[in-house]
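Protein chains in written order, with the numbering used here: chain A, 1 to 349; chain B, 1 to 584; chain C, 1 to 178.
Hints may contain errors.
Cβ-Cβ distance ranges computed for the label pairs, FRET-style [claimed, not checked]:
no. : chain 1 : residue 1 : chain 2 : residue 2 : range
1   : B       : Met163    : A       : Lys275    : 44 to 52 Å
2   : B       : Gly69     : C       : Gln47     : 51 to 59 Å
3   : A       : Ala57     : C       : Leu74     : 23 to 31 Å
4   : A       : Glu117    : C       : Asn167    : 40 to 48 Å
5   : B       : Asn327    : A       : Ala57     : 50 to 58 Å
6   : C       : Gln47     : B       : Val172    : 53 to 61 Å
7   : C       : Pro152    : A       : Pro258    : 52 to 60 Å
8   : C       : Gln163    : B       : Glu88     : 31 to 39 Å
9   : A       : Lys6      : C       : Ala52     : 25 to 33 Å
10  : B       : Thr33     : A       : Met261    : 15 to 23 Å
11  : C       : Leu74     : B       : Val366    : 37 to 45 Å
12  : C       : Gly157    : B       : Pro61     : 47 to 55 Å
13  : C       : Gly109    : A       : Gly16     : 45 to 53 Å
14  : B       : Asn219    : C       : Gly109    : 40 to 48 Å
Within a straight-line C-alpha distance of at most 20 Å, the following computed DMTMM-like cross-link-like pairs (lysine to aspartate or glutamate) qualify [to be verified]:
no. : chain 1 : residue 1 : chain 2 : residue 2
15  : B       : Lys107    : B       : Glu362
16  : B       : Lys58     : A       : Glu239
17  : B       : Lys379    : B       : Asp94
18  : B       : Lys4      : A       : Glu239
19  : B       : Lys2      : A       : Glu69
20  : B       : Lys268    : B       : Asp188
21  : B       : Lys4      : A       : Asp234
22  : B       : Lys420    : B       : Glu362
23  : B       : Lys302    : C       : Glu156
24  : A       : Lys288    : A       : Asp313
25  : B       : Lys6      : A       : Asp179
26  : B       : Lys2      : A       : Asp179
27  : B       : Lys502    : B       : Glu518
28  : B       : Lys6      : A       : Asp234
29  : C       : Lys83     : B       : Asp94
30  : B       : Lys75     : C       : Glu138
31  : C       : Lys69     : C       : Glu138
32  : C       : Lys69     : C       : Glu53
33  : B       : Lys216    : B       : Glu81
34  : B       : Lys75     : C       : Glu135
35  : B       : Lys58     : A       : Glu272
36  : B       : Lys216    : B       : Asp188
Some residues of chain B that are not near chain C, with every Cβ distance over 10 Å (derived) [said to hold, decoys possible]:
no. : residue
37  : Gly11
38  : Lys50
39  : Glu81
40  : Glu119
Source of the hints: derived by calculation from the structure; they are not laboratory data.
C-beta atoms are modelled at their ideal positions from N, C-alpha and C, and glycine is treated no differently.
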Amino acid sequence: MSVFSKWLQERIPISGAQLQELTNEPVPNHLKRWWFALGGTPAYLFVVQIVTGILLAFYYQSSAQTAYESVRYITQEAAFGWYLRGLHKWAATLMIAAVILHQMRVYFTAAYQRPRELNWVIGMSLLMCTLLTGFTGYSLVFEQLSFWGATVAANISDAVPVVGPIAKEMLLAGDTYNDRTLSRFYILHAAVLPTTIILLVAVHIAFIRLHGVTELQFEDEADDRPKHFNFFPDHLLTEITIGLILMIVLSALATVFPATMGPKADPLTTPEVIKPEWFFYVSFRWLKLFSLTFAVLSTGFIVAAMFLWPWIDRVLRKLTGNEDISVYIGIVATFLLIGLTVWEASVAH
Amino acid sequence: MKVKTKQYLVGFLGLLFLASLIFVQAMEVARRTAESGPRGAHAVTPASSKACVECHMKTSPGIIDHWKGSTHANKGVGCVECHQAAHEDVDAFDHYGATIATIVTPKDCGRCHKTETAEFMASHHAKAGNILASLDNFLAETVEGSRVPFNPHVKTPGMEVDMVNGMASANVGCRQCHGSKVAIEGTDGSLITVDELKPDENGIPTSLDALALIRKDENGRPVLHNSSWPNTGIGRLNLDGSRGSCSACHSRHDFSPRRARQPENCGKCHLGPDHPQKEIYEESKHGVAFRDLKEHMNLDAKHWVLGTDYTQAPTCATCHMSGHSRNGGKVTHDPGQRISWTNRPPISTLMDTDINGNVISETDPVERQKQTVSSWQDKRQSMKDVCLHCHTQNYVNAFYKQYDDFIINYNEKFARPGTKIMNALKDNELLTKTQFDEEIEWTWFYLWHHEGRRARHGASMMAPDYAHWHGMYEVAERFYQQLIPQAREIAHQAEEAGEADKAKAVLTIIDDILARPEHEWFENAKKLAGDGKSSLTPEGIVSAADDSSGDKQPDGDAAPGTASDDRAGDSKPADPADNGSKQD
Amino acid sequence: MDESDGGQELPESDPTTRRGFLEHAANLSMAGGLAAGYGMLGLQAAQYLYPAEAGQTITQFVCTLNQLKVGESLPYTLPSGAKIVVARQQEGETADAFIALSSVCPHLGCKVHWEAVNSRFFCPCHNGAFNAQGEPTEGPPAAANQHLTRYPLTVEGNLLMIQVPLNSVHVSGSEATA
């Protein structure tokens, strides 16, 4: 044993203590409350996505001729393929939900304020990447809804002035959905976006480490309590626990609501009811409410505002003199978000 | 929460995760088990048919999709295996390097399915094409259409119609069930069929004259005449000399046994006013049970053996063809093997069959015994073996007693008297030689061919409404209210025309019949009221009755020479007087 | 890793004491739970990656018995393109009368062909040779005692059927979707 550790020590000249010192960030006490550990949830789910995604990629074929058949093979023939596909689908859903919840927590606790504005911007970028990954992933199944969803989305981006047509052509590799479109989606989904997410997460965490976690004081806590606890092993155990609970929940979802397959994409027939994935319900409803140009421009404006919110928030507070102005706006926005989603979910057209 | 507690929690959750994965494992196993049924099969395109599949997938994907669901595809039997042809075959042509023929005949199927083809060839099904080009087909070819093309009355707006094809009804009606005589167009406008080609036992044509006449299209493909193809009639007369079409029941290109096992498959032909077997079946308890229990019938089973794979209900195939636990699961492709009465002719006869599988018309018991290879009792026993899966011996025997009594009652009360009257009219030349040009010929045809068969089939398959209201009731009405008055009318007209002898001969026979106790009710009251109206003396009645009891001729006096050639006097250019050879 | 991390965080403890035992139990429970859960997942992932059709065979139609006379052979091609030689060696209606041999040399995968003159299968790559039974007679296959792969044959009624690996019957292309 000692010979082995000596051998190892020589090759990897870092001791356990040093490693611990290097990674062991003092964690603020409020993270003992599970609600505040949400930031780790999307990270964990992201790992699940990478693992299951790699497994699915073993059999997936990204061409219009074979894509649907390969997904069918995974779902119906490969051992546990249906389960892994279910995990991938549900982890995606939960990941998007977790990212949104994490962002809401950050927003309502105003954790984006000076000096953490840039990390908010990175977080926003991560949200965008996550949504795009979800969108491209759904398109890969090449069933009717995913095909027409992609077509509609591409035509929406067409409505954006100046850059829109180019964006559409870049996305579809042509004017319309064609033989080369699917491989674009595949590379975006399986290579470009995940890499971007990994890089952004690294920067995201680096910023957290540099700034330290925003500390919060709760009224029911004694002032003299220690304000921090150790990442190792205490907080790590929390994360492992959350990870296991997630795995159990995912397994339950994947077995009870398995990933299904709709009819194969048919470029000649648009289905009666077309819906995007649930996380696009908001924008889909928004599109139906207003003219295309207005909807697209307003969506762009809202997204831009979200990116810049740390600064907008400062201006608003100065203008209104109300410290909690963002909270009120946030509540209204949340209701709007939920309202539009529920509305879209409850009607056929 | 303490670190240690968390560690235990992690351990516990890990096990819980394991439990959920074990559940996943169980689901996977269940899925595998469910999939290992007959439908989990793989479609394999054999190398020989790869090119066919690739091209036809685009041009006619339905064929390929059907084939992919077939057992053939699972076993590596592709397009070429069935469609391959020898260069010498009359309908062979080169199709992208492969020598193939369009029509796949029982000879082709028989390359692999030997026993099935042999059984089928021996069956009455394979002889269904015999009615074609005979006087029996008179109805469709002449009465409904015309044997020679004729001029249209006016132009058909929007379409060039120079001549009317009078064979249309025969082509579309008769032949789609009975089978066409497959024909290739000749360069001189003639039709080249098996008769001209005279194929040897391998199906290779021997007549060079006929071969020289064959018309080929621009691709070198012999042109099949549209009157004979498309056609999947069960008695098709093929160019290679074989008879029949396996796809009549085993629909191409999936050849689904599941479909062949269901009554709808037989219902393409066995329905309608003259032999509504499928409707009769549907009305019977058998059909009712099948409709209800269809999904428990194990219709996808590899061997579909009654008593082993299913017992819920019988279909047509169950009783007439399929294997069952009492015969070792042996299927027969000759549905006649379990039928004891043939109810096809005007007068039902027992199914004693000779060496050629034809129904014996011989009346002498010793001679009959000598000719019999398979007796009606053998056939009935084969059917009883099926019945006994669900019914007791006593029940089955009693059913057959009811059935026999019904048939004999029909035969003796209406069929034989009717035949006798019709023959009397013909013998005395009170009817023309042409069929269907006199009302009474239609009347008689309705009586035995439509109503009489409905009654008998209704009794054979336990559909009381068909036996009675659609059957015997209408037979009786037709007999008393139409056949008798019409026959008398003809006789009276003859009398007026100065042919008193002929009239008397017919009227005597009619009165003899009506004087019999089973018909006595009909004119008894009238007779008592208007005494002496009858032209016959009481002595006459007695003597005529003696005559009729001495009548030995069965089966409507069919000419013995022709009747022995086929099973039920159902084919051949028989004597037009023999209504027993009307098509069915 | 989790276990060793936990071990580093906690001071070395003596499992004989009550406290030490409890700590060990907690570590063990955690490690066991994690190993069981994720281990099982890993196992299932391995099953997923293991080719579904490996080792499975499918029975395919070759010809009717009377199509092949004694002493004759016919080439049978799998959809994947692999060539098999099917020959009838004696009279009889059983599968024993027939033989099906792969035409791939077991040495390095070259194509063998039948030399009627020498009545042997010959592989031009390294002068390997096999007799009509597929047994090696010369060259590297003989040295290593490598036989030509023999495919099992069965007779169903009057049909000769061959058992081939399931994955050899699927070929890429639009029609390969079974």
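Enumerated hints in conflict with the structure, sorted upward | 1, 2, 3, 4, 7, 9, 11, 12, 15, 16, 17, 19, 20, 24, 25, 26, 27, 29, 30, 31, 32, 33, 34, 35, 37, 38 and 39
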